[in-house]
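**Q** Under this note's numbering, read the sequence shown as residues 128 to 413, first letter to last.
A couple of the hints might just be wrong.
The calculated label-pair distances, taken between Cβ atoms and stated as ranges, are [what the hints assert, rightly or not]:
1. ALA144 to GLY177: 31 to 39 Å
2. GLN168 to GLU382: 20 to 28 Å
3. GLY177 to GLU218: 22 to 30 Å
4. LEU400 to ARG158: 16 to 24 Å
5. ALA216 to ASN182: 16 to 24 Å
6. ASN355 to GLN268: 13 to 21 Å
7. ASN182 to SER227: 23 to 31 Å
Hints listed in this document are in silico derivations from the structure and should not be mistaken for laboratory results. This structure is a prediction, so every number in the text was calculated from the model and none was measured. Beta carbons are placed, not taken as given, at the ideal position from N, Cα and C, and that holds for glycine.
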Amino acid sequence: VFFRAGIVAKMEELRDAALTKVIIKFQCAIRCYLAQCHYKQLLGQQEAYGIIQQNVRQWTTLRLWPWYRLFTRLKPQLKGMKSNAEVEALEKKVKELEESSKNEEERRKRFEDELRMRTEQYEESRAALERERMLMEKRNQEIEELYKSLKAEAEKSEEQARKAKELEREKAKEAKEWAEKEKRLKMEAEAEAARSKQLADRLTAELKSQQEENQRLMDQKKAQEATNNELSDRLHILQEKHDRAENQRNRLQEEMEKFEDKYMAELRQKDELAKGLSCLETEIRS
Numbered sequence: 128v129f130f131r132a133g134i135v136a137k138m139e140e141l142r143d144a145a146l147t148k149v150i151i152k153f154q155c156a157i158r159c160y161l162a163q164c165h166y167k168q169l170l171g172q173q174e175a176y177g178i179i180q181q182n183v184r185q186w187t188t189l190r191l192w193p194w195y196r197l198f199t200r201l202k203p204q205l206k207g208m209k210s211n212a213e214v215e216a217l218e219k220k221v222k223e224l225e226e227s228s229k230n231e232e233e234r235r236k237r238f239e240d241e242l243r244m245r246t247e248q249y250e251e252s253r254a255a256l257e258r259e260r261m262l263m264e265k266r267n268q269e270i271e272e273l274y275k276s277l278k279a280e281a282e283k284s285e286e287q288a289r290k291a292k293e294l295e296r297e298k299a300k301e302a303k304e305w306a307e308k309e310k311r312l313k314m315e316a317e318a319e320a321a322r323s324k325q326l327a328d329r330l331t332a333e334l335k336s337q338q339e340e341n342q343r344l345m346d347q348k349k350a351q352e353a354t355n356n357e358l359s360d361r362l363h364i365l366q367e368k369h370d371r372a373e374n375q376r377n378r379l380q381e382e383m384e385k386f387e388d389k390y391m392a393e394l395r396q397k398d399e400l401a402k403g404l405s406c407l408e409t410e411i412r413s
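Starting from the given sequences, assemble the full structure and let the hints guide the process.
**A** Here it is, written out as structure tokens:
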């Protein structure tokens with residue numbers, strides 16, 4: 128498959144732009160998720176600050192109140208067992224939260240490593256495709272130059288063949304004219320011989336001169352036939368060159384088709400990579 132100049136480069140630019148948009152959206156989703164987590168953490172801290180301040184203010188107000196002092200002394204004795212159970216439950220819940228936080232951190236690191244690996248693979252694939260694109264453009268340029276050269280040589284051969292045919296027609300026409308002229312002169316010579324004996328010698332000499340002229344024309348005809356044979360041989364050689372060039376062009380076209388199949392396979396692989404990234408983005412958002 129032959130593309131016009133600039134089509135392959137435009138396709139590469141469109142592919143790079145599409146992949147860039149996918150990567151940017153994926154990065155934005157990750158940053159949004161991390162920002163939301165950080166925002167929730169800040170909200171929790173802000174709420175904890177208010178609760179701690181409120182508790183400190185209430186404790187400062189009640190710590191000197193006699194009934195509160197009596198309550199603080201009696202409460203541990205009345206609900207000691209229940210407080211220990213609550214402390215243990217809180218400690219268990221804290222451990223679970225720490226374990227969950229640790230798992231979330233490991234999952235986040237795993238996603239970051241996978242994203243970095245996918246980004247490196249994308250950069251390597253893009254560099255490889257860029258090298259193949261440059262090689263394909265170079266091969267296309269070589270094929271176009273070879274095609275132009277072969278076309279010019281074929282046109283030159285056709286022009287030479289046309290001139291040879293015209294020369295052959297002119298030669299045949301000239302031979303016909305000379306044959307007619309020779310016949311007419313012979314008839315005139317016979318008529319003159321019958322008409323006058325005195326003009327016989329002069330006509331004989333003229334006939335001899337005409338025969339010499341005919342011989343010269345025959346020699347010229349032989350030389351022309353040799354030239355025509357040479358032109359025919361050259362035309363045959365040029366035809367063989369044209370056939371070899373056509374075979375070479377067919378081989379190059381087959382190589383281009385192989386490169387096109389490889390390029391389409393790379394595109395399908397990139398589509399699969401984009402789908403994988405989309406699934407990964409969906410999983411992260413969920």
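**Q** When the hints from earlier in the document are held up against this structure, which numbers fail?
**A** Of the numbered hints, 1, 2, 6 do not hold.
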